[in-house]
Amino acid sequence: MMRASGGRRVVISGMGAVSAAGLGAEPLWQAARDGKSQVRELKLKRAYDGRIKIAAQVQDFDPAEHIEASLLPFCEPFSEFSVVAADEAVAQAGLGDKGLAGPRTAVIVGTGIGGMTTIDNGLYGYYREATRFDPLTVPRLIPSAAPTTLGMRYSCLGPTFAVSSACSSATQSIGIGLQMLRFGLADRAIVGGAEACVINGTIRAWESLRVLTPELCRPFSKGRNGMTLGEGAAIFILETLDSALTRGHRPLCELVGYGTTSDAKDPVRPDLHGVKTSIALALEDAGMTPADIDYINAHGTATHANDITESEAILAVFGDELGRKVPVSSTKPVHGHALGASGGLELAIAIRAIQEQIVPPTINFREADPRCPIDAVPNEARQTKVRAAMSNSFAFGGINAVLVVKAFEP
Amino acid sequence: MTEAPQDKAQLVEEIIEVIAAEGMIDRAKVTPDATIESLDLKSVDIVMILTALEEKFNVYIPMDGSLQEAKDVKTLIEALAEHITKEREKS
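Sequences listed follow chains A and B, in order. First residue of the first sequence? That's 1 in our numbering, and the numbers climb one at a time after it. First residue of the second sequence? That's 1001 in our numbering, and the numbers climb one at a time after it.
Mixed in with the good hints there might be a few duds.
As the list claims (entries may be wrong) - Cut-off 35 angstroms, straight-line C-alpha distance, at most; resulting in silico cross-link-like pairs (DSBU-like, lysine-lysine):
(1) B:LYS1029 - A:LYS265
(2) B:LYS1071 - A:LYS53
(3) B:LYS1090 - A:LYS36
(4) B:LYS1090 - B:LYS1042
(5) B:LYS1086 - B:LYS1074
(6) B:LYS1090 - A:LYS265
(7) B:LYS1029 - B:LYS1008
(8) A:LYS53 - A:LYS385
(9) A:LYS45 - B:LYS1071
(10) A:LYS53 - B:LYS1056
(11) B:LYS1056 - B:LYS1071
(12) B:LYS1008 - A:LYS45
Claimed, not checked - Derived contacts from chain A toward chain B, CB cut-off under 8 angstroms, selection only:
(13) THR160
(14) LEU209
(15) ARG210
(16) GLY226
(17) HIS304
None of these hints come from the bench; they were simulated from the model. The beta carbon of each residue, even a glycine, is placed where N, CA and C say it ideally should be.
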């Protein structure tokens, strides 16, 4: 694991999001802060016989309102979400249409699956209705469709690829962007994650794994019995501090730490060693101690195993006292588990928590589970000092990824 | 629970059958006192068991919640039987 020492400082200059809360990072933050769940009855185009009837779905999204007709045929929902989130991020970064153009900008976007809607539509037509595939099926469904579409939009010629590590995809893509900028492989990067998986086939597949709750998602709480699917995108503009200072742009925050490990153990069950090591590495990378972290946006899926392992890992790294004291909330009951986009949505919330000095709550919380002995910020947001925040993602397959951001000080 | 004792006994038998078949365990090892650990049931095995129970009894049982509390076969079966019985009472 490489350390920060010697590398260039990296800031986040802009961010954008699409989520069940609507278009923009602001509605996402407000929903998280106010504990307003965006989980609703599913709206699906095709007949659906699943037992799980809820998700934090991006509803009533009309891509034609946001994306020009010439680009639209190449996009499917996960790319569309990426474009809308990226436009917001680029505007906030003050970079204009061509500010990111050239070979020194990397584009790295994570996705768990990629073009699931395109896959679902194509196979439904082929097997069920004997129709031909849409000729643009392949370019739309490839996981790299999101980063390449963004690259074309902003004329970025640097390293461009998709990161696919299930629920750690967005977090890893942001972390890799950080490393590339630190060590001079690029000066700016468009990073984040996108997922559009709230569709018949995917929900049924998730349902069969039995990790979805038929009721309410209650992370860290007694009585929790699983997660709720979400979808969307979160895109960030990273640049070196020098690059931001030179053009006189005030960043949202500094991106200071990234830790990642693999459990190499079980396809679906998290492992304490891998999880706690990723947290410790992120802190080490940031050159911080646990006392520097004022808020943790947890992976907090509300599955039995994740929440216990994550709590144990936090206590193991932060120590028994700080580990029980640091506010740890899961905002997944609000925006759902957006899989490859989740780490991005959650980092956006962590950044707003620093800016507003407010820690968002873990909603649907009933009663503390003694096996999750953390402060889960139950049900109500908290005004408190937040200088630095951590965002955790732990994926199926055992890939763990953790980011640390802190308030910007030149 | 309004079920007659013989119904419950039969249900328990059926659940044991499924655990043995889907967990790929010798039927004789699935005794009430056996620990889940001794049967070497992994999370994926539990998913397979729950899927088979869904097909058999038309009931959706999440991985989490009461099943996670089970340390031995007896409590696991109790938890599963409770889910199934509840679902039957609903319909």
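How the hints compare with the structure:
no., hint, in the structure
1, B:LYS1029 - A:LYS265, "holds, 26 angstroms"
2, B:LYS1071 - A:LYS53, "holds, 31 angstroms"
3, B:LYS1090 - A:LYS36, "holds, 31 angstroms"
4, B:LYS1090 - B:LYS1042, "holds, 31 angstroms"
5, B:LYS1086 - B:LYS1074, "holds, 18 angstroms"
6, B:LYS1090 - A:LYS265, "violated, 40 angstroms"
7, B:LYS1029 - B:LYS1008, "holds, 21 angstroms"
8, A:LYS53 - A:LYS385, "violated, 39 angstroms"
9, A:LYS45 - B:LYS1071, "violated, 43 angstroms"
10, A:LYS53 - B:LYS1056, "holds, 22 angstroms"
11, B:LYS1056 - B:LYS1071, "holds, 24 angstroms"
12, B:LYS1008 - A:LYS45, "violated, 42 angstroms"
13, THR160, "violated, 36 angstroms"
14, LEU209, "holds, 6 angstroms"
15, ARG210, "holds, 4 angstroms"
16, GLY226, "holds, 5 angstroms"
17, HIS304, "holds, 4 angstroms"
Consistency with the previously given hints fails for numbers 6, 8, 9, 12 and 13, ordered from lowest to highest.
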